[in-house]
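*Asks:* Chains as they are written, first to last, in the working numbering: chain A, 12 to 315; chain B, 492 to 772; chain C, 24 to 275.
Rather than coming from a laboratory, the hints here were simulated on the basis of the structure.
Beta carbons are placed, not taken as given, at the ideal position from N, Cα and C, and that holds for glycine.
Careful: at least some of the hints might be erroneous.
[Stated by the list, open to error] Derived pair list, reagent style DSBU-like, types lysine-lysine, alpha-carbon separation capped at 35 Å:
(1) B:Lys499 to B:Lys692
(2) C:Lys31 to A:Lys203
(3) B:Lys590 to B:Lys621
(4) B:Lys621 to A:Lys46
(5) C:Lys181 to B:Lys720
(6) B:Lys692 to B:Lys616
(7) B:Lys692 to B:Lys722
(8) C:Lys31 to B:Lys590
(9) B:Lys580 to B:Lys722
(10) B:Lys568 to B:Lys621
(11) A:Lys46 to B:Lys722
(12) A:Lys203 to B:Lys590
(13) B:Lys590 to B:Lys499
(14) C:Lys52 to C:Lys181
(15) C:Lys143 to A:Lys274
(16) A:Lys203 to C:Lys143
(17) A:Lys203 to B:Lys720
(18) A:Lys203 to C:Lys255
[Said to hold, decoys possible] Ranges of calculated distance between the beta carbons of each label pair, as one might list FRET restraints:
(19) C:Tyr112 to B:Pro758: 22 to 28 Å
(20) C:Ala55 to A:Pro25: 38 to 44 Å
(21) B:Gly755 to C:Arg88: 29 to 35 Å
(22) C:His160 to A:Asp153: 36 to 42 Å
(23) A:Phe140 to C:Gly149: 37 to 43 Å
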Amino acid sequence: MSGTQTWRQWLTDPSPSSRRQARLGQWWLAWLRIKRNNLAMAGLVIVGILLFAAAFAPWIAPHDPLVQDLSRRLLPPGTPGNWLGTDDFGRDILSRIIYGSRITLYIIGLVAVTAPVLGLLIGTVAGYFGGWVDAVLMRLTDIFLAFPRLILALALVAVLGPGIENAVLAIALTAWPPYARVARAETLTVRKSDYIAAIRLQGAGPVRIIAGHIVPMCLPSVIIRVTLDMAGVILIAAGLGFLGLGVQPPLPEWGLMISTGRKYLFEQWWVATMPGLAIFIVSLGFNLLGDGLRDVLDPRSAAR
Amino acid sequence: MTPLLDVKNLRVTFDTETGPVEAVRGVSFSLGRERLGIVGESGSGKTMTGRSVLRLIRPPGRIAADVMRFDGQDLMKAGEREMRALRGKRIGMVMQDPKYSLNPVMNVGDQLTEGLRRRDGLGRKDARAKALAALEAVQIRDPERVMAAYPHELSGGMGQRVMIAMMLIPEPDLLIADEPTSALDVTVQAEVLSILDGLVKDRGMGLIFISHDLRLVSRFCDRVLVMYKGKVVEELAARDLMQARHPYTQGLLNCLPRIGGDRGPLPGLDRTGDWATEAVA
Amino acid sequence: MSLIEIEKLSVTFQAQGREVRAVQDVSFKVEARESYGLVGESGSGKSTILRAICGMAPVSAGAIRLDGQPLNAGRGFARQVQMVFQDPYASLHPRHTIDRTLSEPLAIHGIAESDRRVVKALTDVGLPASFRFRYPHQLSGGQRQRVAIARALMLEPKILLLDEPTSALDASVQAEVLNLLAALREERGLTFLMVSHDLAVIDHMCDRVLVMQHGRAVEELARADLANARMKTDYARSLFEASADRLLEANA
Chain A
12 MSGTQTWRQW LTDPSPSSRR QARLGQWWLA WLRIKRNNLA MAGLVIVGIL
62 LFAAAFAPWI APHDPLVQDL SRRLLPPGTP GNWLGTDDFG RDILSRIIYG
112 SRITLYIIGL VAVTAPVLGL LIGTVAGYFG GWVDAVLMRL TDIFLAFPRL
162 ILALALVAVL GPGIENAVLA IALTAWPPYA RVARAETLTV RKSDYIAAIR
212 LQGAGPVRII AGHIVPMCLP SVIIRVTLDM AGVILIAAGL GFLGLGVQPP
262 LPEWGLMIST GRKYLFEQWW VATMPGLAIF IVSLGFNLLG DGLRDVLDPR
312 SAAR
Chain B
492 MTPLLDVKNL RVTFDTETGP VEAVRGVSFS LGRERLGIVG ESGSGKTMTG
542 RSVLRLIRPP GRIAADVMRF DGQDLMKAGE REMRALRGKR IGMVMQDPKY
592 SLNPVMNVGD QLTEGLRRRD GLGRKDARAK ALAALEAVQI RDPERVMAAY
642 PHELSGGMGQ RVMIAMMLIP EPDLLIADEP TSALDVTVQA EVLSILDGLV
692 KDRGMGLIFI SHDLRLVSRF CDRVLVMYKG KVVEELAARD LMQARHPYTQ
742 GLLNCLPRIG GDRGPLPGLD RTGDWATEAV A
Chain C
24 MSLIEIEKLS VTFQAQGREV RAVQDVSFKV EARESYGLVG ESGSGKSTIL
74 RAICGMAPVS AGAIRLDGQP LNAGRGFARQ VQMVFQDPYA SLHPRHTIDR
124 TLSEPLAIHG IAESDRRVVK ALTDVGLPAS FRFRYPHQLS GGQRQRVAIA
174 RALMLEPKIL LLDEPTSALD ASVQAEVLNL LAALREERGL TFLMVSHDLA
224 VIDHMCDRVL VMQHGRAVEE LARADLANAR MKTDYARSLF EASADRLLEA
274 NA
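Turn these sequences into a full structure, and let the hints steer you where they fit.
*Replies:* Okay, structure coming up:
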């Protein structure tokens, strides 16, 4: 690698000199493809704003989200200092939404690292081994798929008590089966390829084959599904919050805010509507991003 | 005599994220009621050339040509509706693998009669009779059974014959065959080619035969166009093939192993000439 | 004692409740350092025999012996027998760099000095070392097939199984790859068992040929027999005639 190469040349070098350079080069090309899709970029911007708000909440929120000021209850949006209005305890809605993004991110982050990973593991193992392993794992998947999420959440809350971690657990336990199905379907196709036959012929064992050869081929479908599922996860968390099963007051979780704002829906509509809009926009962002990622990560175009 | 197909300076360009890529770079040829072979390796642009005539290239691909005329009609200016009227009816296309070009969920009879009934307005009985006649013309001995069968139930050779029958029912003036026998076994290839040969001669059709097999094309066609990287490098009569002048054509002729030939290293293609190293603009 | 012995081999698949007899009662022997060809059209069972040797097809009768020993699917097998697959677009993992594809067999068997060996493997098949960290989609078909050959030779096997190694390649590239295979066989004293539908390729590369049809062995021919058209069976003759080079005959 010559010292005078710009980073862009380094990334698009047709003969990379290390695995890292090769991999980063591929990511750069994928980024160029995403950039061409305007809707995907819009989604990326929205998700970016979510991440930014969550990271810098203490610095960008104009007020403390928990401090009450009963003299300033139910002020409408556009009031100087409270651009989105205040709720029934006088708390600034904008600040609560910004801090609430942290909770939203926490929930979807936890679900995103547990459910797909579990689903991927079960799906690839079932698909690779076939036979009774496949049958047992798929029946297990069917059982979990049959659980309605809210009922399971109610049951968990009844046993373990309400709280954000239990809400996440409930969501994760019912979110993994579709990933298992997707991973299994991909595995069944990939299993028949010549490159799998070649590595088996070289003496590789099942762990190396599944982890190193099959999982990378399943990842695009799983990643796309995760982004598209994010919208659903946010809504379920909001639903649980709405029912009082997840996050507890006074935490500014968006679903909980809608629930408490319900009483004022006709006169002081902003108390429930603002968090609702936040949920809508973030869900939309993830959906757009997921659609864009599908175009980029689609194995048909990537595995040319 | 006006040629059946006249093409001048055909260019096909694809817009990719790393810039435009030209698949066909200025190809010109004309065709009467004769058999023209277009030979090239993968990436030579031969398939794109065949598809351009039927304007079957979708964005991000673009077709441009100074002239592209079929029997006097300007193909570049024709609208989509006019192209649809041409496709199938006056210009037919036979593709490589019948597994992928025949509809897998319809039986053969339905596929053969669909065009006749929708496009030509024939009744069920007339359409069926025509379809049976077409199957007999491609030497299928039990056409009734084949009519009732689904594509996956037919062998490769049979499927390709059905494909040819399907394309010849509307009696087109020009047939474009894109590697029609490449997916077939060697003993079946000869049969299918002789059927195609007979039909083309009988009906006085023009034929564009696209293939990677130079020897096969030379046996079958009157004239041969040799393509490399989007350009025509040589055009000659099939019987003059052994006197080919261009190094690429000579290389293609000589690099194939022959039964009974010597076992020394096969002569490769000398890719150092100007024609090979010229950059793809 | 022959290096590869196939004795009355039968391979039967169960598909949708029906039995498919892909290979029926086929026997042949391959001597050490020999290049043996299996030729036939689709459905002849030739590729299935290769898969049976690799343990990837259900053997219903008969025996396969390597160097006198019955097949043993342990680690040692990988260091005796390797295979080059037909489709260069499907035989390399699309998400792995060439470097990873070539060094993985070494990692599996704990062979050291993988850096040096990978670079040497690339140059042995005529590819520049700068290709090391490319992905398969950045290589042409011929280049990918060279990588597949390099991969097969990483574990230094004695026997190379070749399943139509050049049918998916352009004619000019085919010539280069065939030359490469012949040269490597000469240098390393390898034994080839090659499958093809193209009689001319088999004639060029192999010492003896077994013609197959519908799962059965039809006729075994030595190279001289093939060149002089001394076939005994009708099918072998019809295959020969369809493949022989008659360049200008029909056009005269």
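*Asks:* Hint compliance check: list the failing hint numbers for this structure, sorted ascending.
*Replies:* Violated: hints 4, 5, 15, 18.
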